[in-house]
Structures are given as structure tokens and as C-alpha cells.
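Novice: Take a look at the letters that make up each chain.
There are 2 protein chains.
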Amino acid sequence: MKEVQLLGATGSIGTQTVDIIEEFPHDFRLTAVSARDSVSKIVEIGKRHDLDTIVMAAKHRSTIEKALPETTFISLEEGGLETVARDGRDAVLVNALVGSAGLTPTLAAVESGKDVLLANKESLVVGGELIKKAMKKTEARIIPIDSEHSALAEILAGNRIEDVEKLVITASGGSLRHLGKDELAAVTPKDALKHPNWQMGAKITIDSATMMNKVFEVIEAHHLFDIPYERIEAILHKESVVHALVHFKDGNVHAHMGAADMHIPILTALQGEERKPYRSLFDLARMGTLHFDPIDHERYPLFDLGLAVAKRGGLHTVTLNAANEAAVGLFLAEKISFNEIETLIKKALDHFQNDNHLTLKKILAHDQKVRKFIEDIVKQKVKTK
Amino acid sequence: MKEVQLLGATGSIGTQTVDIIEEFPHDFRLTAVSARDSVSKIVEIGKRHDLDTIVMAAKHRSTIEKALPETTFISLEEGGLETVARDGRDAVLVNALVGSAGLTPTLAAVESGKDVLLANKESLVVGGELIKKAMKKTEARIIPIDSEHSALAEILAGNRIEDVEKLVITASGGSLRHLGKDELAAVTPKDALKHPNWQMGAKITIDSATMMNKVFEVIEAHHLFDIPYERIEAILHKESVVHALVHFKDGNVHAHMGAADMHIPILTALQGEERKPYRSLFDLARMGTLHFDPIDHERYPLFDLGLAVAKRGGLHTVTLNAANEAAVGLFLAEKISFNEIETLIKKALDHFQNDNHLTLKKILAHDQKVRKFIEDIVKQKVKTK
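Listed in order, the protein sequences are those of chains A and B. The first sequence begins at 303 in the numbering used here and counts up one residue at a time. The second sequence begins at 303 in the numbering used here and counts up one residue at a time.
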């Protein structure tokens, strides 16, 4: 019986993780969950599972303690995510948080020797070097839940990274791919949230439309598989049927395919070595036609910009991520246009210096500083209108 | 240094095997070759390699012994193929012969404990059960050179066959795929030999056009990977970019892709565990569009017929293969029409009884009997015209 702690239990990945745990009740036990404010969803989960711990915003303490008196409540404000991540050494931690908020618990879990099943790619984007250092000390592992990285891990199993010529991940092109660059200015959050292939959270759906998501995935692949950026490539594939490819140096090319269903990478991460029987609706012969194209760098300027930042590394990667998180939040709140996401990220990168000596404290402080910088620009603009 | 014996050295696979051996002169040494009549090609190979043995038709003895006095000549007539297969226990045997003629040396090699790198799929089609029995005794392995099976072996490495839901191999549809069933009657050997994707020998190119090749490949996969016929599928894929897929029971689907270049499966079989650097020109983003479809069973009636025979097993599989070899030979010699390949195979299957107790002797005798049956029908028909 594998104990599972789940941070971000009520989001898209969190909900599907609960599905998998409930599909295999003899294999997995849910011991801890977190969510910011989704009280009724957490209470429902708590009634179905024998939870040890619930982490939520402090204001929900009395409601939760009343509904689930057997379960320990720890607030986000008193560091509940980190406490859970450091506790329960026999458990695995599923990190399904959104954004750089995922870094602290990822690092805490790895430092305490716990395997992290990672859907929160921003952990690796902003703290990749720190996490890698901690992994070396404790031998904790990061197991990807991201579909492309789950695919790569599947293919690479049993192979040596020296035998890899390159890794290729596919990009759908996102919800606005049918629009030309000049048509993007008028796009609303509602337009941008209609992803053609995947049902995902709001933030990642926007990141997918700007191709920033693919930048993050390249960074994630770089850290997860210890492979230089020069040997990671992204290509357009609008059907999202092929998730990733590995070109081996002898000319063999392996690919991973499947339905656009995150339950499969979640199960893959949870099950470990032994494959469990799960639904499989994939039928390539019924797919008909699959399309592949190089990425259009003019149409997706953030892809090149982001990769250039990633290759330099250091604090600029934190700037990139924080500016993106702040800008995407402002776009979703209808405070800025779609194209301003790019403009604001560029402004932040121009404004802040790089720094290659990173600590967790420095990363978290810089993250806040960049967000404030972006928000101030937008407030200023609103005032001057 | 791995010693390599090569049967069928001057055919399509044979020539490409020599290419690979010459590309890696420090890893492989060619010790024996066979060919029926291609004297000048064999002399060329003999001058470039330090061969121990050459096997050819007896009539070429004096020419070969004059040109290559250091090399032992054994004729086909005195059982040269089998002698080579039983000799040189440290070598591997590449069997690139065409047709059921490949069975005797495959079996001899396996019986003497030697690994066989098998391009001759007919060995497994007609003698699968015998070969499997011998493999259990000596622990010799069959390593596939066929592109689809090389692909499957690549994907399956490190996985358990119990975790496989199904294997899928792709079929290009062959050289006549653009023609409707009613247009096939008038097809000439020249039309049928223009394969759209692969440069292959004549016999396999016709088998590819009738889809008999895919029947043979399903049988081959069944024997190679110990998997029931019910869990092997073939689908149409006209670009031949995806060679095979494995559906695992947990929903993960792995595929093998690559250029239509037999050098890669040949290298894969020869190199063993360690991947050697080789050319890799594959670029999925430049492929543009890939098509997948279910097999049209009306268009390719031999596919269902052949599979039904395969599932029953026994001597009927030998009838199927021998009738096919004879009929394809007659078509290539312009003695029969393309559609008569199917008619003649059906006649043979109707005429001969099945028998589930196979021995090598019985298989070889039956093979001859079926060929004669087919040839007699055609002679008879010519007479009555």
C-alpha cells in the first residue's frame, strides 16, 4: 500500500489523481491533501478517504475541523505545504500546485528523501539547480506527471542518456493556433481557455497558447533527464497524439503515443515499476491523419525568448517565470491584452539583473519582486488611461 | 570482435549487412557468405574480407577457388548452408535468404546454440514451432532484422510480455495500393515491383502488394514475442514512418519510428546491447502528415485468409507459404496474373490436408509437393489454352 500526499487536490491534476487512487484502493492510500479555498471539494474527499492531514487557507479551519474532526488541519499560512512535504517519509508527494508556489514543498520533500511525483513544472523551472543538488544528497527522485515527460521517462527506461541523440517533445500550438499573430490582440480569456486537445487548468492553457509552457517543458526535460538544451527540441503536432520522441544515436527513434488523458501519466507515476491494468481507448488506425511541423518562431516569439533565458540559467529564469505568472493572472483577470503578456515579460527581463548564485530565499524574494514590478506597470497604465 | 556469417549475401538485406560490417570494421568480422549465382559480387566481397567459407551453387566452384584460393568453398548441393550454420559456434548467423529455403540453416544454427539474426521470415512461418523447441533446448536466440520486428524488440526491451495489451505492426499497403480490386487483373510484375517506401527484394515486394507479407509478419511476431494472435494487429500506414506500436495494459503506447532504411534494423540486430553511432536523418517535423487506417479486408483478401490459416497452425501454414512462393515466382515470370496468386493459394489450401505433427523432413517434403501442385496447375492451364 503506497501512501500518497496530494498538494493541489482540487485542481485538474489533483482531481484526476484522486480518481486514480480511488480506482486502485488496494494499492494507494491518500493521507494528506491541500487546497486554497475549495472547501466543499475537500470535505467530499475527506469523507471518502482516511486522511491524516488537510492544508487550506487559515480562514477555513473551523469549517474543516467541524466537518472532519478526525483529521489534522494545518493552515497554508503556518507553512502547511512544507510540513506535509517533510512529514510521512514513507509516502510519495504528488505536487499538483500551480506556479512557483510549488517550489518550497518540492524542495522540502526532496530534502527529506521523499519521492516527488511532479505536475508542478515551475518547481524545476525556478529551482531546478537547487532541487538537483538536494536529490544528489538524499537520492530522492522526481517522477514527472507532465504528459511529455512521463512519455520521455517511459521511453528512456532502461536506456543510457549518453545513447540519446535528442529528445523531442510535441506542442499542440494551443488554443489560439488558428489565429495569425496580428489577430491575437483582441483575444479574450474565454477564447484562450478553449484548449483543442487537453482539459487543463487556466494557467497552463494560457501558457500553452503563448508556447511558454513548451519553454518550461524543455527546462523540465533538461533537469529531469540531465541532458543539454542543445539536445532537446520541440515540434508542432496539433493532434497531441504523439507526446514525445527519443532519437537514439544508432538511428532508432522511439515515440510515446496515447489519448490526451492525464489519468495515464498520473497512474504511470504512481504505479512505479509494475504496470497496472487501466482503460486504453487509443486506436491509431481511427486517428486517420497526424500532422507535424517545425515551430513557427515568428508566431510564437516567447518560445525563442524563453529558451534563450533558460540556456543562460540563474535568476533570469525566475524573472521569466514570475513575470509570466503575473502577466497570465492579469490577462485572466481581463486587466491586460493577450499580447501584453509578451511585452510585460520582456520588460521584466530588461529590468532585472541576472545572478547565478541562487538560494531558495533569494528565489522566493525575487519572485515576489518581479510580480510586484509587473503589477505596478499595469496599475500605472490603468491610472494614466 | 563479433564474427558474422551471412547467408544470402548479395540480396537486398545481404548487401546492406555488408555495408554495416564495413562501417564498423573494429566490431564485426565477416567470416562466411552464401549466394546462389552472383559470382562477381561474391568475389568482390571476398577480396575486401578475410572470409573462411563461401557457399554457392557447385558450378561456380572453380571460378571462386581461382579468385579466392584462401577461402574454403562448399557447394549448396553438398549442404553448404547447413554446414555454415552448424560451424563457428562463436559467430552469429545472419539469415537473409528468401523463402522457405531459409528454414534448414535457421534450425541448424539454433540447434547448435548459435544466435540467428533473422531477415528470412519464412523460417518462422513454416517452422516456428520447431525453431521454438530448439531455442528452449540450446538457449540460442532469434533476433529479428525485419523492420517491424526490430521495432517491436526495441520497444519491448525491459518490459514483460504479460504487460502488453497488443502489438501493432504497420503496413504500407504495397506498390498497388492506389489501384482498386478490379484494377489488379492487368497489373504487370514491373508495376508491382515499384514499392513506394522501401527498396526491397522482388519476392517481398510482391508479398507486400498482396498483404501476404503482413500475414507472415504477424506469424513472426507471434513466435518471436510469445504472444497470442488475438493480441497482434496490423494497420495501414502509407508513409512507413511508424513501424510498430506496443499498447501496454496501463494505457501507455510506445511506438518505433524512423527512416525506411534497413541499415538501422541490421545494425540494431548486430550491435547487441550497446548502441553504436550511426547516421540518423529522421526528422518528424519535416514529415508533415502521417496517415493511419484500418486494413481494408475486401481489398486485401489474402490478409484474412492467411491469418485464419496461421491461427490454426500446422502443415497448412507450410501449404500457404509454399503456394505463395510458387505463385509469386510464376507471377514474376509472367506466367500468371496478379489475381491468380490468390486463386492458386486457395486451391492449394483446399487440396491439402492439415497436419499438426510437424518435423523438418515433413515440412520440406510438403513444401516441394505444394510447389509442384501449383506449377502443375499452371502448366495444365497453358496446355489447354
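Do not take every clue at face value.
No copy is singled out in the list; a pair is fine if it fits within one copy or between any two copies.
Heads up, simulated EDC-like pairs for lysine to aspartate or glutamate below, C-alpha to C-alpha not over 16 angstroms straight-line [said to hold, decoys possible]:
(1) Lys671 - Asp465
(2) Lys349 - Glu541
(3) Lys637 - Glu575
(4) Lys434 - Glu325
(5) Lys551 - Asp585
(6) Lys663 - Glu431
(7) Lys361 - Asp339
(8) Lys505 - Glu467
(9) Lys551 - Glu325
(10) Lys368 - Glu413
(11) Lys438 - Glu372
(12) Lys496 - Glu467
(13) Lys349 - Glu575
(14) Lys637 - Glu367
(15) Lys613 - Asp657
(16) Lys578 - Asp552
(17) Lys468 - Asp392
I should point out that these hints are in silico values taken from the structure, not numbers from a laboratory.
Novice: Against each hint, give a clear statement of whether it holds in the structure.
Specialist: Verification of the hints:
In this assembly of identical chains, Lys671 and Asp465 lie within 16 angstroms of each other by CA distance neither inside one copy nor across copies; the values are 42 angstroms within and 50 angstroms between. Taking identical chains as interchangeable, the C-alpha atoms of Lys349 and Glu541 are never at most 16 angstroms apart, the minima being 38 angstroms within one chain and 53 angstroms between chains. Taking the shortest Cα distances, Lys637 and Glu575 never come within 16 angstroms of each other, neither inside one copy (47 angstroms) nor across copies (57 angstroms). Taking CA atoms no more than 16 angstroms apart as the test, Lys434 paired with Glu325 passes in neither setting, with 33 angstroms inside one copy and 39 angstroms between copies.
In this assembly of identical chains, Lys551 and Asp585 lie within 16 angstroms of each other by CA distance solely across copies; the values are 13 angstroms between and 29 angstroms within a copy. Proximity of Lys663 to Glu431 under the C-alpha cut-off of 16 angstroms is restricted to the intra-copy arrangement: shortest distance 14 angstroms within a copy versus 67 angstroms between copies. Only within a single protomer do Lys361 and Asp339 lie at most 16 angstroms apart by alpha-carbon distance; the minimum there is 9 angstroms, versus 89 angstroms between protomers. With identical chains, the CA atoms of Lys505 and Glu467 are never at most 16 angstroms apart, being 32 angstroms at best within one copy and 35 angstroms at best between copies.
With identical chains, the CA atoms of Lys551 and Glu325 are at most 16 angstroms apart between copies only, with a shortest distance of 15 angstroms across copies and 39 angstroms within one. For the homomeric pair Lys368 and Glu413, neither the shortest alpha-carbon distance inside one copy (34 angstroms) nor that between copies (74 angstroms) is at most 16 angstroms. Proximity of Lys438 to Glu372 under the C-alpha cut-off of 16 angstroms is found in neither arrangement, the shortest distances being 37 angstroms within a copy and 59 angstroms between copies. Proximity of Lys496 and Glu467 under a CA criterion of 16 angstroms is satisfied in neither setting, with 35 angstroms inside one chain copy and 33 angstroms between copies.
Taking the shortest alpha-carbon separations for Lys349 and Glu575, neither the intra-copy value of 30 angstroms nor the inter-copy value of 51 angstroms comes in at or below 16 angstroms. In this homomeric assembly, Lys637 and Glu367 never come within 16 angstroms of each other (Cα to Cα): the closest approach is 37 angstroms inside a single copy and 88 angstroms across copies. For the homomeric pair Lys613 and Asp657, the shortest alpha-carbon distance inside one copy (13 angstroms) is at most 16 angstroms, but the shortest distance between copies (67 angstroms) is not. Proximity of Lys578 and Asp552 under a CA criterion of 16 angstroms is satisfied inter-copy only: 5 angstroms between copies versus 32 angstroms inside one chain copy.
Taking the shortest Cα distances, Lys468 and Asp392 never come within 16 angstroms of each other, neither inside one copy (35 angstroms) nor across copies (35 angstroms).
Against the hints set out earlier in the document, violations occur for numbers 1, 2, 3, 4, 8, 10, 11, 12, 13, 14, 17.
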